[in-house]
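Enquirer: Residue-level listing of the chains:
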Amino acid sequence: MRLAYEHGGALMAGEALEAQAPHVAAARLDRLEAEAVHILRELAFYERAAIMFSGGKDSAVLLHVAIKAFAPARAPFRLLHIDTGHNYPEVIAYRDARAKETGLTLIVREVEDSIRRGSVRLASATASRNAAQAVTLTEAQQEFEFDALIGGARRDEEKARAKERIFSHRDAFAPGSPRAQRPELWGLYNRHIGVGENMRVFPLSNWTEADIWAYIVRERIELPSLYFTHERDVVRRDGLLFPVTQLTPPQEGEVAERIKVRFRTVGDITCTCPVESFAADAIDVLTETLTAAVSERGATRMDDRANAAAMERRKLEGYF
Amino acid sequence: MDGGAAHGAARSWSGQQIRFMTAGSVDDGKSTLIGRLLLDPHALMRDQAAGLEGDDIDLAALTDGLEAERAQGITIDVAYRYFATPRTSFIIADAPGHEQYTRNMVTAASVSDVAVLVIDAARVENGQLKPQTRRHAAVAGLMGLDLIVVVNKMDLVGWSQERFDEVRTAFGDVAGLLGLKNIAFTPVSAKRGDNIVRRGGADWYDGPTLVEQLESARPRESQADGPLRLPVQVVLRHGGTRYYAGRIESGAVRPGDKVRVGPAAVEASVAQVRIGGVGVARAEAGASVALELAEDRDLAQGGVIADAQVRYTRRFAADLCWLDENAWVRGRRYRLRQGALETQALIEDVRFVRDMSSLAEAPASGLKLNDIARVSIGARDPILADLYDDLPGTGAFVLFDPDTNQTAAAGMIREILP
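First to last, the sequence lines map onto chains A and B. Going by our numbering, 109 is the number at position 109 of the first sequence; the sequence numbering is gapless. Going by our numbering, 203 is the number at position 203 of the second sequence; the sequence numbering is gapless.
Pulled out of the complex, with its shape left as it was, chain A reads as follows:
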C-alpha cells in the first residue's frame, strides 16, 4: 500500500506534501486524517474492537486510516461484515482481497443465518435486508463480545446522523437514544462502558462525501469497480435508475436499457441505485461530487426515501 508523505516536510501546514493532485485540499484532509487517527488510537483502550468493513468506499477509507494510525505495528482490530446476501460479487471479492492484504481477521455474519434462526423474518423473499442487518449485527456483537464497533458513517449523510456522537454509547436494548448520549468535549473522549454495554465509534464523522473522494484520490485507495463508470441494464422508475438483476427484475411494462452508470454507495442490491455517469476514476468522481445537485442518499437509497425519519428509526433499532 502506498502512503502519503513520502517526502519529509511540515505537516498540517501541508506545503511539503507530495503534490500529485494540486487541487486536493491538503490542509483540510490533513486535519481530518489527524482527527480520525487520534480517534482510532483511542480504541486501543478496548479489548475486542472491530471495524465494520463492507467493502464500500467509506469503510475502505476507514480501514486505510486505521492501518496508518498504528503503522508500523498492526492495527488491533478485527474486520466485521454483516452480509445481507444481496451484495454485488465485485464488492465481496474486494472485501476479501483487502482483508487478506491487511492481514486483519475478517469475520462475516449472514443475515441469511438470522432468517434461518428466526430472529429475522422478512415480508418477502426479495425485500430489502437493510433493516435486518441490525439484528444480525447485534447477534455478532454478542457472539464475539465486541466492546467497540467502528463504523465509517459520516454526519453529512442524513439529518438524524448529524447528531451522532463520535463515541456513541449503547446498552443492550436501547442502542441509540439521542437524549442519553454523553457530551463530548475537546476530543477528551469518554470511552468507559459497563457490563453488557458497547461503544459504536465513528472516526469519519466530520468528513463529507467530497472529503472522502479527495482522500481516495490523494491516498490512491483502491475501490470496487462498481464505483466507476460501467455499462449496466437499468429501468427508470420514480426518477431513479433501478439496476436489473435476478433479485430486481423489471416490473410489468418496464423496458430495460443499457447505459453508463456508477454507484455512489454499494449497499444491498435491492435498495441501492446507480446514477448515470461517465466518471472513470476517483478524480472524475470527485469532480462530479463537487458539482452534484442531489445528496448521496437521496439519489440512491430507496429505503431512505420511503420516510424522512427512516434513518432515525433504524438508528433506534441498532442500525449504523
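Keep in mind the hints are simulated off the structure, nothing from the lab. Just so it is clear, CB atoms sit at the ideal spot from N, CA and C, and this is done for glycine as well. Don't take every hint at face value.
[What the hints assert, rightly or not] Covered by chain B, per the in silico footprint, the following chain A stretches (three or more residues, Cβ under 8 Å):
1. 37 to 49
2. 68 to 81
3. 186 to 195
Starting from the known structure of chain A, arrange chain B on it as the hints suggest.
Expert: Same frame as chain A, but now just chain B:
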C-alpha cells in the same frame, strides 16, 4: 492521474476549514439563520432543499432533525452541518437554546473555532439581555472563543441603527464582566437573507456580512508556536522499537529535538517523527504522530512528551461546567482526563458559582446540572500545570463519574495551587 479536469469546481472548495458553534434563545431565529447559511451558498443538495421555494420558506425545517424535536418545535442536541463558500468550508456545531441543555452548548463550544450568538433585536428592552443570552455569552467567554453577535430580525425594527447600537451597548456591559475579548456585531435579517451572505437592509451598515466574518475567523488549533505537548495515547511496538503515538496539542517536533518525558521531566531526544508510518522532517500542533526516542525511557500510555519548561501539579483551581444530572457530592471521587491521562480527582472546595442573571459570583456548597463554578481540585497523579488560556489543548480536562460512567463536568485550569 491527471487532475486538470477537476480544477474549476475543486479550486473553489480547497480552502481552510472553520468550525463554529451557534447559540441563541429559542425565539431568536437561530434555526432560520442556519437554514439561510445552508441555503444561500448553495450548500444544500436538491432533495434536502425540496419544499423550500418561495418567499415564506421554513428555513428552520432544514435543521430540526429528530422526530421528537420536530413535534416539539425545538432542538435538543448538538447537530453538525456543513457548507462551503468559495474561500472556506465550514462545520456548524448547532447548540440548543434551552437553558437546561447548556451542557450541549459547552460541548459545541469545545469543538469550535468561533461562536455565533443570535439575538432578536426586537426583544431587547431597556438595554437588557435575556438571561439565556448572558449564559451563552458566559460560556463563550469561559471557553475562550471569539464571539460574533448576530443581531437578528432587524427588518422587524425597521433597520433601526439606534436599536442595533442599544444591543451593542447592552452586550458591551456584559462582555466586560465576562472578560470577552474579541466581539463583532452584525445586523441581519435571517428570514430575508440580509447581511448573511449578501448585503441588504441597512444603508448605515458598511461592515462585513456574517459569512465574511466567519471566513476571516482563525482556526483554534493553530498552536504550533507554543511549547511542545504530546500526550501518549498508545505505545506501538515493532521489532525492538517503541513508538509513542499521540496527537500534538501544542508546539512542533523534529528529529534531534531535546524533549522531557513524563512527570519526572526526564530528558530524552527524538530519533524519529512518523506520520502514517512514514518519517517526516517536522510535525506540528494538530498532527497525529508516532515518535521514536533515542534513549530507553520509562514512558507509557497517558504520559506526555513535552518541552524543557514543562511543569506538573497535583492541585489547581479550575472553572467547571457541571454536565451531569447527578449533582456533585462532597468527598466523591471522579475520574479526571487530561490529554491521554486518566487519574482520580477530588473537588476540594467550591469557591463560587456564577449567577447567570446577575453574572455575579455567589457562594455555593453544591454543584448541579448547568452550574458554572470556580473550584479547587486535587489529583492522585501529577497532571500538566497548563493554564487553559495559554494551552487550551492540555489546560482543559473532563471529569467522569466512575460509577455511572457519565461525563460529569468540563473543566478549564485557571490557577496552579501549591
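Enquirer: None of the hints should be skipped; say for each whether it holds.
Expert: Verification of the supplied hints:
| no. | hint | result |
| --- | --- | --- |
| 1 | 37 to 49 | holds (count 5) |
| 2 | 68 to 81 | holds (count 6) |
| 3 | 186 to 195 | holds (count 7) |
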